[in-house]
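Could you use the hints to bring the two separately framed chains together as a complex?
Single-letter residue listing:
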Amino acid sequence: MSTFISGGCKNGKSFYAQRIAKAGGQPLYYIATMIPHDAEDDARILRHQRERAGWGFETLECGADILTCLDRADPNGSFLLDSVTALLSNEMFSASGMNEEAPEKLARELTEFVRRAPKTVLVSDYIYSDANLYDDWTEAYRTGLARIDRALARACDNVLEVVHGIVIPHKGVLPL
Amino acid sequence: MILITGGSYQGKLEYAKARFGLTDADICVNDIDFNKKCLAYIDRYALDAIKRGIEPADIFKENADKLSDKIIITTDISSGIVPMDATLRAWREACGRMNSFLAARADEVWRLFCGIPQRLK
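Chains as they are written, first to last, in the working numbering: chain Z, 1 to 176; chain Y, 1001 to 1121.
Worth flagging that the hints you see were computed from the coordinates, not collected in a lab.
All the given hints hold, so there is nothing to weed out.
Keeping only pairs whose Cα atoms sit at most 25 Å apart, straight-line, the calculated DMTMM-like set for lysine to aspartate or glutamate is:
1. Y:K1017 <-> Z:E139
2. Y:K1017 <-> Z:E104
3. Y:K1051 <-> Z:E139
4. Z:K171 <-> Y:D1107
5. Z:K105 <-> Y:E1014
Keep in mind the model is a prediction, meaning the values are calculated, not measured.
So here's chain Y without its partners, still in its complex pose (with noise of 0.2 Å):
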């Protein structure tokens, strides 16, 4: 599994699209599918999560068998203000356990910074 993080609007998409050739009938955005090759900004499917009462991490730790060969793009929403809401506070914080629990059973993990990709992983 490969793991892409990073800020919004860092090239993120962009990057998986032309490294793995990947057209848009691969690609699953903001939900979870795991027919599709590519999950992208899994950090929406995890705010729609938290309104449901859902932890986000679940389903991938319940599907882990099905994760080999994803491409997950998620976005980084860990660097700022706490917010005054507390739905958006359960969010933040689980977004950092989802990304955390991906990137330690991934095979690499990429940042983007401004379109430039940066190995973590």
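In isolation and in its complexed conformation, chain Z is listed as follows (with noise of 0.2 Å):
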């Protein structure tokens, strides 16, 4: 059973992903999607592998072309990808510019990720409520998402949201 998770920051998205993740057995693979580019990235990464420490993931490092996580790991296994924002952030941008294709190739390799290896769980981020007037390119990167986000909801069993440790679930049932 696939599950597509989003809200704000710090609302408990990806502790509650981990549990899913967690009921759904061995193989457990964590996908890392971040690059970490300074030390406060670096000092993050950290925190979030002292988190998981324990719970019995396997570590996947795959910041881009998602697809070729599944040639490492058993597809039946259970897998938690945190996060698509992280991932499109990846895609989308380098020293070289903006790569407008990048939240069409996303969203087909993540639709077919979720179907090649079911038992996923998806952590993404609901950056839509703000009242600002965005730059062209933070304002695709907003659109992008946003387009990963609902292919993800069509293609996921269950779609839930955080607020503040609270899951609602809008599609599917509560996996917990």
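Take a look at the structure:
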């Protein structure tokens, strides 16, 4: 059973996602999506690794081309992909500029990922309710992430929103 | 009146079109035209109104008799950082007042999340 989770930052999405993934049994994979760029990223990664310690996750490092993960893992296993937001950032922006095809590519690849590995939990970020007028790149990123979120909401069995640690089911059931 | 809310790019207009069979001719985008069945993205009208020194909710209060058969789509911009820019700050608060006024009078209020509708009222 696949699950898509979104919501505001620090509301408990990752913790709940870890619990769902663990309940999916072994083999249990954590797909690490962040490509560290500075000491702050290193510290964040270290904090996340500590939070996952003892949960029994095997870590798959994959910052782009997400389907390559399945060449190194058992597709019948339980996967936690945290986060869609980081993946899109990796695929969309580089020193050479913005790749406008990235959202379409990622929507297609993640839909295929869920089809091939049905016990997948994906975490995204709800960044759509602020009062700001952004530059074209930021707006393209928001549009792109929403496009992927909506594709995953169609593809996944469960769609959940986490608000202050409270889980609201928008589609399917509460897995826990 | 039916009010459809939610963050940016969540599928609000797509939902309205599918549910009510709206064509582009039925929809007024980013502005207010009470001859149209659907007023989409009134948050954009609100920003223009603020820039002209008008309270965005007023046009709905003054035309309350024309609201009953309308489908109104608004973007919820209420849950981010308070903007540095004074116009955007005023816009953010005015949208809150406008949306609350409309939601109180709406027969149905729907919120779209990742393309999925949820009935709030």
